[in-house]
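J.: These protein sequence lines are chains A and B, in that order.
Per my numbering, residue 1 is the first one in the first sequence, and the count goes up by one each step.
Per my numbering, residue 1 is the first one in the second sequence, and the count goes up by one each step.
Treat the hints with caution; some may be incorrect.
To be verified - With a cut-off of at most 20 Å between alpha-carbon atoms, the simulated DMTMM-like pairs for lysine to aspartate or glutamate come out as follows:
id, chain 1, residue 1, chain 2, residue 2
1, A, K70, A, D97
2, B, K49, A, D38
3, B, K106, A, E59
4, A, K57, B, E20
5, B, K109, A, D97
6, B, K109, B, E20
7, B, K106, A, D97
Hints in this document: simulated from the structure, not taken from any laboratory.
Note that the structure is a prediction, hence the values are computed from the model and not measured.
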Amino acid sequence: DAGITQSPRHKVTETGTPVTLRCHQTENHRYMYWYRQDPGHGLRLIHYSYGVKDTDKGEVSDGYSVSRSKTEDFLLTLESATSSQTSVYFCAISGRDRGNYGYTFGSGTRLTVV
Amino acid sequence: AQSVTQLDSQVPVFEEAPVELRCNYSSSVSVYLFWYVQYPNQGLQLLLKYLSGSTLVKGINGFEAEFNKSQTSFHLRKPSVHISDTAEYFCAVGLLDGSEKLVFGKGTKLTVNP
């Protein structure tokens, strides 16, 4: 969707290195989310944000941190990447602040930790 | 805690046949309900949503879903499927706790065969 972009689209990194994934939106929405998608697990929430500098943990937050210094950007950092963090990562925004319930998703980042 | 169960992990059907993808949820509070579709190597796209009102909801691409509060179900249906409907489908519950978080099921892979 044109209103939300993720970068990079693909990344291969080594175990133990830090990695930062970026989510950028042009919709000026308050709510932003990071999910990971793994076969057999569906999508699981890592962290979310309900405004600049306001973030909270999801169900699988261990090993991840986030930052949101501007409305349009939500960064996900893997502090020391492990093979268990090999996954597809999706960012999403919610239009709830304008009465449009539900998410718009980015195209995803495929991360491989070797 | 809220949870979503998609009863079938895989559903194979023939082209032009009807299909039903089943979704049950559990929640102690009122929820919103969603169906998303994911085509290969893409992000998730909203198919339809139930917020309130009529329990029969129509979405894009000829899909519809029916909310059944007594059975806590939100099954997705299409009367005649096409090859292009081959994708993974996710049911999700939206939490009315101010966080606007969505809890996803594990997905149902629909394969439409000629």
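J.: Now, for every hint given, state plainly whether the structure supports it.
T.: Evaluated hints:
1. A:K70 with A:D97: 17 Å, holds
2. B:K49 with A:D38: 24 Å, violated
3. B:K106 with A:E59: Holds - the C-alpha atoms of A:E59 and B:K106 are around 15 Å apart, at most 20 Å.
4. A:K57 with B:E20: 34 Å, violated
5. B:K109 with A:D97: 32 Å, violated
6. B:K109 with B:E20: OK: B:K109 and B:E20 at ~12 Å, within 20 Å.
7. B:K106 with A:D97: 27 Å, violated
Of the numbered hints stated above, those contradicted by the structure are hints 2, 4, 5 and 7, listed in ascending order.
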